[in-house]
Amino acid sequence: MPNVDPIQHQIQTNAIWSWSQLLPMENILLFFDDEKSCSFMRTLYQEISCQSLPLSKCFHSTYHRPYMNCVFDLAQQRIKTSILVFANGDIILHHSVYHTISFVNTHFREFFLVGCRRDYVVSRSLNYSNPANTLQDALNNSQITSTADIDFIAFKTDTPIYMAPFLVGVYRWDNWLLSEMLLRTNITVIDVTQSTFIIHQKLKELDGQKPLHHSSRIGAAYNDELTKNISGTDYKVGFINNAPQILSGDCQKNQCEFKENLLQSEVILLKQRANTQKYIAVLTINRGHIPLVWNWVCWAKRIGFQNYILLAEDFEVYKILRVVNQPVFISLKQSLNISSKSEAKYGSYDFQIIMMYRLEFLMRVLRAGYHFLNADIDTIWLSNPFDSISQNLSITIQGQMHKKMKMNRGFIIVHATPQGRHFWQNVIKCQSQILVKLQEQQYYKNKLSASAFTEQECINDCLKYTKFKLLDPYLFPDELSFFDQHRSQSRGLVPVVIHENWLAGLESKIKRLRSWNLLASTNSSCDSLENGIPYSLPDRATPVRIRIRVLAYNRLQSLKRLLNSLQLANYSSDSVALDISIDRPSSKASEAEKNRWKQVIAYMGDGEQHPSKFRWSHGPLSITVHKKHVGLFGQWTLANDHQEVQLFLEDDIEVSPHFYIFLKRVIDFYYMNQSNYDSRMFGLSLQHQHTVLGQRTGFRIRSIDKELNETGAPVFFKYQLLGTWGAVFFPEHWYAFLKWITTVKLDDMQAGCTPSGLVSTQWWMERYRTGRIWETWFIRLHKPPWIPALMCTCKTS
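For the sequence shown, position 743 matches number 743 in full-length UniProt numbering, and the numbering has no gaps at all.
The set of hints was computed from the structure by calculation and includes no laboratory data. Take these hints with a grain of salt, some might be off.
With a straight-line Cα cutoff of 25 Å, these simulated DMTMM-like cross-link-like pairs (lysine to aspartate or glutamate) come out [said to hold, decoys possible]:
| # | residue 1 | residue 2 |
| --- | --- | --- |
| 1 | K236 | D250 |
| 2 | K469 | E455 |
| 3 | K560 | E591 |
| 4 | K467 | D484 |
| 5 | K259 | D376 |
| 6 | K278 | E266 |
| 7 | K628 | E593 |
| 8 | K319 | D527 |
| 9 | K210 | D527 |
| 10 | K202 | D33 |
| 11 | K469 | E591 |
| 12 | K278 | D234 |
| 13 | K613 | E593 |
| 14 | K429 | D472 |
| 15 | K80 | D90 |
| 16 | K739 | D527 |
| 17 | K236 | D119 |
| 18 | K594 | E644 |
| 19 | K628 | D678 |
| 20 | K437 | D579 |
| 21 | K511 | D527 |
| 22 | K594 | D574 |
| 23 | K204 | E266 |
| 24 | K156 | D137 |
| 25 | K278 | D472 |
| 26 | K253 | E110 |
| 27 | K628 | D652 |
| 28 | K333 | D350 |
| 29 | K598 | D574 |
| 30 | K253 | E266 |
| 31 | K628 | E775 |
| 32 | K739 | D678 |
| 33 | K627 | D678 |
Restraint-style ranges between C-beta atoms, simulated for each label pair [what the hints assert, rightly or not]:
| # | residue 1 | residue 2 | range |
| --- | --- | --- | --- |
| 34 | P54 | D250 | 17 to 25 Å |
| 35 | K301 | E35 | 18 to 26 Å |
| 36 | T276 | T145 | 32 to 40 Å |
| 37 | D34 | N88 | 30 to 38 Å |
| 38 | L332 | E35 | 31 to 39 Å |
| 39 | D574 | K627 | 29 to 37 Å |
| 40 | D574 | V494 | 53 to 61 Å |
Virtual Cβ for every residue (Gly too), placed ideally from N, Cα, C.
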């Protein structure tokens, strides 16, 4: 049936007419509360599609309003086109809408278009029976009165859009849907207000009549509660002015263009990028340090770190990072600032104005309820710092090993607590006072250095009156302590973050990073670290089997001791294969060496003339006597096609009676169990860490003492180098090494793993030609992606 109100009926008629000017009638789908209305519409528009909403499924029993999700679902089921447009029944669409959608469709595979309506006041005393005249008058006499209401959306029909059961005709559903698009999808949201005319026919109120507020409408309380239940306060960012892209201009004449929306709230990025504990890293960037920006971004990618925002100080660097979809932010005011901090003199007024921009942005982060970690872009992040910081104090900061009384503002964590916000507000107040004095040139009159009036001084001054925590200097070293004093290395620690804050100048910093193999990239390309070997369930479907490989030469008593300890061990009735490899003396071996070797052969046999006196009662036994001298390198890297987990034992080792039980449990936990599997971990070692290979040459520290946990059990840890005393290799990782080693020039000393100044490098330089060292090649292959072994801190076999 037609609307009983003639003017309301004409409003609907004008809207349908405008839609029919953009597309065929059969592509228009109307939704009504009842079938009678649909039947009436079909008499007016024979080709139009009309759907009455099922009363039992699509209506709220109390509020008697249909559900939005029902409308969405039915529309997507019946739609025949590739693009779906939603508009209210009082909306007139100008032909600019059609040209805008066509333009966007040629540029984006997925999109979500929203547009602000222009209110056109319709009076009951005037005639609007000519839709074309009404449209023309509306173009001249309509205006945007609010950005809150969204009466037009458009998206691809193959885009997965979920609509919650909101009530039709009541607010919140549009803000909620837009917030979902902004926060939880990668679909490009575009504000097309400036390229379209979306006319809302607004009926003029009668004299003395006040417009009904959204919150007072029937069902508003229901929509409010539903919104808060499913998204909390996230819906508050669901406004058109938060769309990241703006389309403006006349698309019909191909004169429209996309622009970045620099008025978008930073809360969008905070909600997208902060971790579940509401921590966010903020790093300030500018065009003068682009190579360091790329290096930082590449390291973040390598360690899988995503909880960050890049705060741009100039529009040039903003555009560069936006092209590669980095989470970069710049305020509209800052984008108009043509100067850059990299070009401003350190400590100058222009320099401090830009620093104030950063301080105020971080204050907004705190006010939004997020904890920030603010770091300089010349930091190198080797792992996620949020895993290593205290979460129970308001301020945590990096100290400086060479300046005990001065904290480093280049790495600071402030929590969104009253104390944290008060502290940061004081920093801003201090910075404001510096700006005033700089304008008055008071500092120059007193002949103070530039560093005396920077925000670092403000932070240090404010720290005198607040409680704070220092970061572990070995996990968060500054440049001097890491690169020059090797403090982290001397303790065998891999830092979490290294701050390259000592050297001045971009070229010097890049040169230092390159020499230490810490330069991941200086451009947008980034070679990610390998992720090791992924878990493959079919390969681990059968119970784990361990193969023992004994490497021997001419030490009979040592070999007997090892074999005896193996024979007496507890194997839980498992069948365990034992392979014994016996090297042959070289042509340069002395007679004494050869005689000791013959004693080994007399006992073990050679598989030809001499039978073996050794008996193995726990499974298959294989004894291999090499036909020529292969050295330790050749014995370790002897190719085989075994698929078991392999335990390598040189003949000077003795095992515990319980070693096998321990190995089985550890292998089952770290190798067989997918939830614990680490693709970078190649195996484990039965030895304790007795030397810190990262220590400097000429400087030895004592062996690491046994460390026990709270239950008195030894502590195990993942070790980044190789422990060869009882080394256990997982099949896939060992096969990868054997395959790689065939491609290496073994006589190339520099091809080995030789970082300058470390004791392990000294060993390599002394022994690489003797064939007595092979571990360096394994370290060389696996240095980027893998953590080779699980090790124990206790000094047991």
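Taking the hints in turn, this is what the structure says about them:
With a CA separation close to 31 Å, the supplied pair K236 and D250 exceeds the 25 Å bound. The suggested pairing of K469 with E455 holds, with an alpha-carbon distance near 19 Å, which does not exceed 25 Å. For the given pair, K560 sits about 22 Å from E591 by alpha-carbon distance, which is consistent with the 25 Å threshold. Pair hint K467 plus D484 does not hold up; C-alpha atoms about 31 Å apart against a cutoff of 25 Å.
Only pairs whose Cα atoms come within 25 Å are accepted, and K259 paired with D376 is rejected, the gap being roughly 29 Å. Between K278 and E266, the direct Cα distance comes to roughly 14 Å. Compliance with the 25 Å bound is thereby established for this hinted pair. Distance check on the hinted pair: K628 and E593 sit about 15 Å apart at the alpha-carbon level, within 25 Å; holds. With a C-alpha separation of about 22 Å, the suggested pairing of K319 with D527 holds against the 25 Å cut-off.
Distance check on the hinted pair: K210 and D527 sit about 63 Å apart at the alpha-carbon level, beyond 25 Å; violated. Taking the CA atoms of K202 and D33, the gap is about 22 Å. The hint holds against a cut of 25 Å. Between K469 and E591, the direct Cα distance comes to roughly 66 Å. Violation of the 25 Å bound is thereby established for this hinted pair. With a C-alpha separation of about 14 Å, the suggested pairing of K278 with D234 holds against the 25 Å cut-off.
About 21 Å separates the Cα atoms of K613 and E593, which keeps this hinted pair within 25 Å; it holds. Taking the CA atoms of K429 and D472, the gap is about 29 Å. The hint is violated against a cut of 25 Å. Straight-line distance between C-alpha atoms of K80 and D90 comes to about 23 Å, which keeps the hinted pair within the 25 Å bound. Restraint check for K739 and D527: satisfied, since their Cα atoms lie roughly 22 Å apart, inside the 25 Å limit.
Restraint check for K236 and D119: the C-alpha separation of about 23 Å stays at or below 25 Å, so the hint holds. The hinted pair formed by K594 and E644 fails the criterion: a straight-line CA distance of about 34 Å is larger than 25 Å. Taken as a hint, the K628 and D678 pair is broken in the structure, with Cα atoms around 38 Å apart against an allowance of 25 Å. Distance hint between K437 and D579 is unfulfilled; the C-alpha atoms sit about 80 Å from each other, more than 25 Å.
With a CA separation close to 19 Å, the supplied pair K511 and D527 stays within the 25 Å bound. Restraint check: the Cα-Cα separation between K594 and D574 comes to about 37 Å, which exceeds 25 Å; the hinted pair is violated. A C-alpha spacing of about 38 Å is found between K204 and E266, which places the hinted pair above 25 Å, so the restraint is violated. As the CA atoms of K156 and D137 are separated by approximately 32 Å, the hinted pair breaks the 25 Å bound.
Distance check on the hinted pair: K278 and D472 sit about 22 Å apart at the alpha-carbon level, within 25 Å; holds. A distance of roughly 23 Å separates the Cα atoms of K253 and E110; the hinted pair therefore holds under the 25 Å criterion. A threshold of 25 Å between alpha carbons decides the hint, and for K628 with D652 the separation of about 22 Å falls inside it, so the pair holds. Simply put, K333 and D350 have alpha-carbon atoms about 15 Å apart, close enough for the 25 Å limit, and the pair holds.
Our distance criterion of 25 Å between C-alpha atoms is broken by K598 and D574, whose separation comes to about 33 Å. Distance restraint check for K253 and E266: the Cα-Cα separation of roughly 34 Å exceeds the 25 Å cut-off, and the hinted pair is therefore not satisfied. Distance restraint check for K628 and E775: the Cα-Cα separation of roughly 22 Å lies within the 25 Å cut-off, and the hinted pair is therefore satisfied. Note on K739 and D678: the hinted pairing holds, with a Cα-Cα distance of about 21 Å set against a maximum of 25 Å.
This hinted pair does not check out: K627 and D678 have alpha carbons roughly 39 Å apart, beyond 25 Å. Checking the proposed 17 to 25 Å range against P54 and D250 shows it is violated: the Cβ atoms sit about 43 Å from each other. One distance hint, 18 to 26 Å for the beta-carbon pair K301 and E35, is violated here, with the actual separation near 57 Å. Hint check: T276 to T145, Cβ distance near 39 Å, so the stated range 32 to 40 Å holds.
Taking the beta carbon of each, D34 and N88 are about 18 Å apart, not inside 30 to 38 Å as hinted. Evaluation of the 31 to 39 Å hint for L332 and E35 yields a failure: the beta carbon distance comes to about 51 Å. Between D574 and K627 the beta carbon distance is about 32 Å. The supplied range of 29 to 37 Å therefore holds. Look at D574 against V494: about 37 Å separates their beta carbons, and that is not inside 53 to 61 Å.
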